[in-house]
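Read off the chains here:
2 protein chains.
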Amino acid sequence: MHRGQVSNAVIRRMPKYYRCLNELAKDGVTKISSRTLAEYMGLTASQIRQDFNCFGGFGQQGYGYNVNTLMTEIASILGVEKLHKAVMIGVGNIGHALLHNFNFAKCGFEIVCAFDLGEDMIGNKIEGVPVLHPDDLEKFAEENPFDIAILALPKKAAPEMSDRLVNLGIKGIWNFVNVDLKRRHPNIVIEDVHFADSLMTLCYGISE
Amino acid sequence: MHRGQVSNAVIRRMPKYYRCLNELAKDGVTKISSRTLAEYMGLTASQIRQDFNCFGGFGQQGYGYNVNTLMTEIASILGVEKLHKAVMIGVGNIGHALLHNFNFAKCGFEIVCAFDLGEDMIGNKIEGVPVLHPDDLEKFAEENPFDIAILALPKKAAPEMSDRLVNLGIKGIWNFVNVDLKRRHPNIVIEDVHFADSLMTLCYGISE
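From first to last, the protein sequence lines are chains W and C. Residue numbers for the first sequence follow the working numbering, beginning at 1 and rising by one. Residue numbers for the second sequence follow the working numbering, beginning at 209 and rising by one.
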């Protein structure tokens, strides 16, 4: 199946498979049946086989999957072994939380620079990442091309900043701002982080 | 259909419907066909009708959906009109970001108290939310029952704290810590926030 034909739901399950397989590998599991993996993932075995068939299928039915091979295949599908370059726009609470605690390399990214108006940060480094003034974005990009931007700045500044980033030719935005960028930039990949969707799902769960 | 029979994928789409309908209502849209809503959501019209049928279906086929009615129905299914009580455990970067910027009420929650070891915070309020020492959790809970906890504390402290919270009878945990609480507490609702899943999905998108 061509990548473009794979449904969004299947794509969104791929990082979860990758996470589960990592945990299984850590626990010393080397081989797993689709049934056991299904239980672990909260899916059915048939759904798992269907998901994997979208990418040509991995392993032979009846023999189980090799955990490490499967992990490598999925890492390659996701592209997380590539270390794409990213910049962070806005280093507030969320930005700090990500820089200090989040393992970007594991997700295929390296943060090459951060941009913020805070004079106490400009010129310094946070976890090894240099912080520049947003006015220097275009100049930085000339000499240091990057693939995506992490948008974590105040809402009112987000649309104009997204335009500048798209003009620089970025491929995607990891968007922490509650603003609709998909309609503004239909030709680049926008991945919104919607805390509210997650909390409402919890709300449903406890309302039962 | 009984709530327990509704698939996880359908449940996870409900907050997205709610968000889309809110945006449509803001734009002055009062009525919408399943086809238009489908385009807006990036789904098919048949998938939308199937989703809604899980909850008895809303509106009559061929007549379109009333945006406000549909919004109210979904709010009621999600339980977001109830204002459940929540406590926040750990007020670091993520905690501050949520307290300052996140609209909890819109998701059906009121933060009644936060707990942190930081002496500069204890006894003060952040956005109207009092901060207490974690040692005072059980005493606070005696007089102020709450439904869920937002877990945003250091990883090593998370398992023990989750045990204490579950002992207090909470129904759910909104988990920002990279630790598996589902196997530890199979009887309560755990909603993990996995930043990595989101970033890996973006990684896939730009790798095409």
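Everything labelled a hint here was simulated from the structure, so no lab data went into it. Hints should not be assumed to be uniformly reliable.
Subject to a maximum C-alpha distance of 30 angstroms in a straight line, what follows is the list of computed DSSO-like cross-link-like pairs (lysine-lysine) [unchecked claim]:
id: 1; chain 1: C; residue 1: LYS390; chain 2: W; residue 2: LYS31
id: 2; chain 1: W; residue 1: LYS82; chain 2: W; residue 2: LYS125
id: 3; chain 1: C; residue 1: LYS239; chain 2: C; residue 2: LYS293
id: 4; chain 1: W; residue 1: LYS106; chain 2: C; residue 2: LYS364
id: 5; chain 1: W; residue 1: LYS16; chain 2: C; residue 2: LYS224
Just so you have them, the derived chain C footprint on chain W, three or more residues with Cβ under 8 angstroms [stated by the list, open to error]:
id: 6; segment: 14-25
id: 7; segment: 74-81
id: 8; segment: 85-99
id: 9; segment: 103-115
id: 10; segment: 193-202
The C-beta atom is built at its ideal place from N, Cα and C for all residues, glycine as well.
Tested hints:
| no. | hint | in the structure |
| --- | --- | --- |
| 1 | LYS390/C <-> LYS31/W | 23 angstroms, holds |
| 2 | LYS82/W <-> LYS125/W | 24 angstroms, holds |
| 3 | LYS239/C <-> LYS293/C | 34 angstroms, violated |
| 4 | LYS106/W <-> LYS364/C | 20 angstroms, holds |
| 5 | LYS16/W <-> LYS224/C | 20 angstroms, holds |
| 6 | 14-25 | holds (count 6) |
| 7 | 74-81 | holds (count 4) |
| 8 | 85-99 | holds (count 6) |
| 9 | 103-115 | holds (count 6) |
| 10 | 193-202 | holds (count 10) |
In this structure, only the earlier hint numbered 3 is contradicted, and the remaining ones agree with it.
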